[in-house]
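Spelled out from the first residue to the last, the chains are:
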Amino acid sequence: MKDIFGHLRSIFGFLKRQTRGFAGEIDYLSFKTLFTRFRQVLDDHNRAIEVIADMGDKLGGDYLFDINYIKKAYSELSGAVYSSMQNFDVLTKNKYIKLHDVFERIDNQIKRIIYDVPASTGLVIFYDNITWDMPRDVGGKNSNLAEVKNYLKLNVPEGFAITTRAFDEFIKHNGLNEKIESLGNPPISPLGKGETLFNSPLGKGGLRGVMPNELHDLIINGEIPSELSAAIDDAIERLKEKFKGGLACAVRSSATEEDSEHSFAGQFETVLNVPLKGRAVKDAYKRVIASLFSDRAIAYQRQMGYEPGRSKMAVGCMAMVDSASSGVIYSTNPNGDGNTMIINSTWGLGKSIVEGQIDADFYVVKKDINPEIIENRHGRKESMIINLRDGGVNKIKTPDSMMGRPCLTSEQVLELASRAIQIEKHFRKPQDIEWAIDKDGRIFILQARPLPPFNSPLGKGGDGGCEREAREFSNATILMKDRGLVVQKGVGAGRVFILRHMDELDRIPKGSVLVAKHDSSNFVRVMPYVSAIITDTGTPTSHMASLCREFRIPTIVNAGNATQALKHGQEITVNADDGGAAVFEGTVKTLLMHADSNFRRMEDVYEFRRKRYILRYIAPLNLIDPLEDNFTPEGCKTIHDILRFIHEKSVSELIGISRAVSKEHAHVKLDLKIPAGITVIDIGGGLNIKPGQRSAAFEDIASIPLKAIIKGMLYPGVWHSDMVSLKAKDFLTSMMRMSDITSDGLSYIENNVAVASKEYMNLSLRFGYHFNVIDCYCSENARNNHIHFRFAGGATDIVKRSRRVELITNILKGYGFNIKTKGDLIIARLANIRQDEMENILDQLGRLIAYTRQLDAVLHDDGAVERYSRNFLKENYGL
Amino acid sequence: MSKYRIMVVDDEKIVGDMAKMSLEQEGYAVETFLNAEPALSRLKEEKFDVVVTDYKMKGIDGMEVLRTVKKLYPETKVIMITAFANLDTAIEALRGDVHDFFPKPVKIKELKASIQRALSK
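From first to last, the protein sequence lines are chains A and B. So the first sequence is residues 1 to 879, counted in the working numbering. So the second sequence is residues 1 to 121, counted in the working numbering.
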């Protein structure tokens, strides 16, 4: 009994929440004004999304553009966002005023790129805040790592950089400038014949004006300026908060030239497992910056053509991973054909591998859509390096139980390989990657730097290649051609995965071509792993489309019947270019080899990379799911996020406002063949009736969405006016839940209200015990369109009610709805759908509402769910 | 056969850099200039087959480049690109015997096609 009342309370609570923020009723006129604001939000949103799509296109490597284009495009974009925010504030009564600060912050970042304003970093900066233009401030190693963390979103230990400005301050504070400058001119020429770094006078010291290692020692004994000392203390405290439970960090060098053209591998000091205490970290900091001036490091810099006195040392402090195993990946095997990578691994810390441990495990992995281990050798690993409890590390004999045993599973090797491919793809050069796996099995990337160039066998193709290519190309069987719209150009190959339900998303094998009926921003979860996307419907300006451009996944939308024309599991190659889209049978290797080459070449142009960086603050979408916790103003990282937030919240706000519209104003009864008892509040173009007319027939409905849904409800056979017989228990339950069980024969007067305009509808329905809210915008512009469908309640016991939830969810999923259920509350959303398709879906929803009104009373077993779903889809509406 | 020589004049580095990258890919020898003065001195030393120039630049503008090129080498083709496209500039350029005229952003594929046409005439 208590449960039943609790349930009732939750239903009413649900309805009450719908009107939150608009206590009491609001009048018709102010609703009309708010609705106008809503439409302006939509218009601005569209304008902005179009600019974003255009910028993605123009900055994609196929156009020569200049800063004037960027200025013009961004000014249009920011204008649209600003105007959208103004209208949004009115609509939401300034509920999300914080959005202005978020916009201002992003806007500042963008203007910095447009107007070439240098970044102003402090003495210490956390990895989360390191951006593209900071390699001179944080050094190469920190810069690359921040990129892996912030852009590729791979797991990197929390940490902060101590900047080159801090280094300058330290040098100045200790009066070392002059000594450093005196390093400027080498006293001798670079290495002579037969000399090595260690037998030359260079390597043995002999620096004019400075004694061997003198600078090094002066730094070790130097004093850290108080401002820097406080900044480090503060950062340590913040790191402790972020890195719960961890008490140590690794202090690593990150010189300005390091990890760029020359790796400087092993030239500078790294201090591992430093206790997270001010004194220890600062001592380690001094050791690392001092290593810039060790004789060996100076000799190396001179040999590579650098002026030693000009290099600066930033430092990275990152939480120490308690590694179970770790190692190094060369993302391209220097001795291979360019299609393999090598992975070394050992127990404990990877320091031993970096230092040349010879009995580590060794894998050669084929770099393919699905990486494959093609060679493995398991070493003895006689010794291993471990973290000591009080700081520092120690080399110990590997326990017998671990010696000779591989320290990675095949899955881990392949997982590492996928990440390496991702990193190499991003930096466009083969990478030397340090990684660790902690005791919970989590993979961390500790470092990524370019491998020194080696003769790549790629790109050797002679002139004969073109001819061969043409032949192979023309032999390929075309499965689809000139169908659909190209969202992102490129070539991708893999096995077709036809996605029927969103639940299957996690089951898509890596490298598949995702083929789905509708587009969805939820696909973002698999974007790093799929090789192409094709959808039957969809628009090139949807959220998913922007995501596909961001991830550069070859994508075709609106392809008609791809889900029918392609077979699940079939191997295909998708080629999307200026000329349109084509799908070939099998893997067309020549097409794949040239894929994206224009973009990759352009990425080598520094100015291009630099200007294109602006898109990072504009195009990516981080707010994917409105039901997730990060769906807040603070969660917005880009202009696109802001737009998404405004759009989503405007719709929710409108639902709330619609429910609060006073029924006293301009309401008209719908006179239908079924006793649905719907009252319409026309807010402009919703009904086609004479002034003063108080009732309207189906033919008088002018609102596109309302008409479509009512059409469905009126479909022959779906509305059962006979009362379904309830079993004794159901009957008892329903008696306790509601007083009027026999009301079906009567109209549901006053319960059912539609607020409607030509393109908008908010329909609240209560049929006995079922509560339904359908909010919908349905216009010619697919991007404006949405359906929000909420459903709660039921007369029968919880088991039957959940069967109905399952049935409705099954059917809604078929139409591509994104669904959350909680008990017997269903929240389903769908957006970016073409008008004709919307009308069809609304028609089906109308039928579904009518059909399921009493369905739970007959859902006696789980098999019935399947049966009635099937019947519904076959348009067999008998109960 | 020696490579065709192409000069690109634009006061924004990104335009020259991107043009160079894509045109060299086609086998052309490309030289880029950030303003017209050094470009014109270079032209006095050596002939180029195609000159791609921005219309609006500080100092000497694209029209002046066009006139000088035509005076020195009547057969050299000039392609004008501009961010501030309007009918008047297009007409002015066409009267000055420009081979082609593109508003920026310029689709690289179209620029390449235009250069090919210029060279085949």
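No wet-lab data here; the hints were simulated from the structure. Accuracy of the hints is not assured; some may be wrong.
[What the hints assert, rightly or not] A short list of chain B residues far from chain A (calculated; beta carbon distances all over 10 Å):
no. : residue
1   : Lys-3
2   : Asp-10
3   : Met-18
4   : Ser-22
5   : Lys-58
6   : Tyr-73
7   : Ala-83
8   : Ala-90
[Unchecked claim] Once the Cα atoms are required to be at most 30 Å apart in a straight line, the calculated DSS-like pairs of lysine-lysine come out as:
no. : chain 1 : residue 1 : chain 2 : residue 2
9   : B       : Lys-3     : A       : Lys-72
10  : B       : Lys-13    : A       : Lys-589
11  : A       : Lys-72    : B       : Lys-56
12  : A       : Lys-111   : B       : Lys-13
13  : B       : Lys-13    : A       : Lys-71
14  : B       : Lys-47    : B       : Lys-109
15  : A       : Lys-425   : B       : Lys-20
16  : A       : Lys-93    : A       : Lys-481
17  : A       : Lys-481   : B       : Lys-107
18  : A       : Lys-429   : B       : Lys-13
19  : A       : Lys-153   : A       : Lys-277
20  : A       : Lys-58    : B       : Lys-44
21  : B       : Lys-71    : A       : Lys-58
22  : A       : Lys-71    : B       : Lys-58
23  : A       : Lys-72    : B       : Lys-47
24  : A       : Lys-589   : A       : Lys-95
25  : B       : Lys-47    : A       : Lys-425
26  : B       : Lys-56    : A       : Lys-111
27  : A       : Lys-72    : A       : Lys-32
28  : A       : Lys-425   : B       : Lys-13
29  : B       : Lys-47    : A       : Lys-71
30  : A       : Lys-111   : B       : Lys-47
31  : A       : Lys-93    : A       : Lys-153
32  : B       : Lys-58    : A       : Lys-111
Virtual Cβ for every residue (Gly too), placed ideally from N, Cα, C.
**Message:** Between the alpha carbons of B/Lys-13 and A/Lys-71, is the straight-line distance 30 Å or under?
**Reply:** Cα-Cα ~16 Å, so holds.
**Message:** According to the definition I'm using, a residue is off the interface if its beta carbon is farther than 10 Å from all beta carbons of the partner; does B/Ser-22 meet that for chain A?
**Reply:** 7 Å, violated
**Message:** Given the hinted pair B/Lys-13 and A/Lys-589, is their Cα-Cα distance within 30 Å?
**Reply:** Judged against 30 Å, a Cα distance of about 36 Å means the pair is violated.
**Request:** Quickly compare the C-alpha distance for A/Lys-425 and B/Lys-13 to 30 Å and report which way the hint goes.
**Result:** 26 Å, holds
**Message:** Hint check: A/Lys-93 vs A/Lys-481, CA-CA at most 30 Å. Holds or violated?
**Reply:** 50 Å, violated
**Request:** Assess, step by step, whether the Cα of B/Lys-47 is no farther than 30 Å from the Cα of B/Lys-109, and give holds or violated.
**Result:** It holds: about 25 Å lies between the C-alpha atoms, which stays within 30 Å.
**Prompt:** Does the alpha-carbon distance linking A/Lys-425 and B/Lys-20 stay inside the 30 Å limit?
**Reply:** Holds, because 24 Å separates the two Cα atoms, which is no more than 30 Å.
**Asked** Do the alpha carbons of B/Lys-3 and A/Lys-72 lie within 30 Å of each other, as the hint requires?
**Response** Cα-Cα ~37 Å, so violated.
**Prompt:** Are A/Lys-72 and B/Lys-47 close enough, with their CA atoms no more than 30 Å apart?
**Reply:** 36 Å, violated
**Message:** Please verify whether B/Lys-56 and A/Lys-111 have alpha carbons no more than 30 Å apart.
**Reply:** 23 Å, holds
**Outside-interface status for B/Tyr-73 - nearest CB in chain A farther than 10 Å** = About 24 Å separates B/Tyr-73 from the closest Cβ of chain A, which puts it past 10 Å; holds.
**Message:** Checking one constraint from the list: CA of B/Lys-47 to CA of A/Lys-425, max 30 Å. Satisfied?
**Reply:** 41 Å, violated
Checked against the numbered hints given earlier, this structure breaks hints 2, 3, 4, 7, 9, 10, 16, 20, 21, 23, 24, 25, 27, 29, 30, 31; the rest are met.
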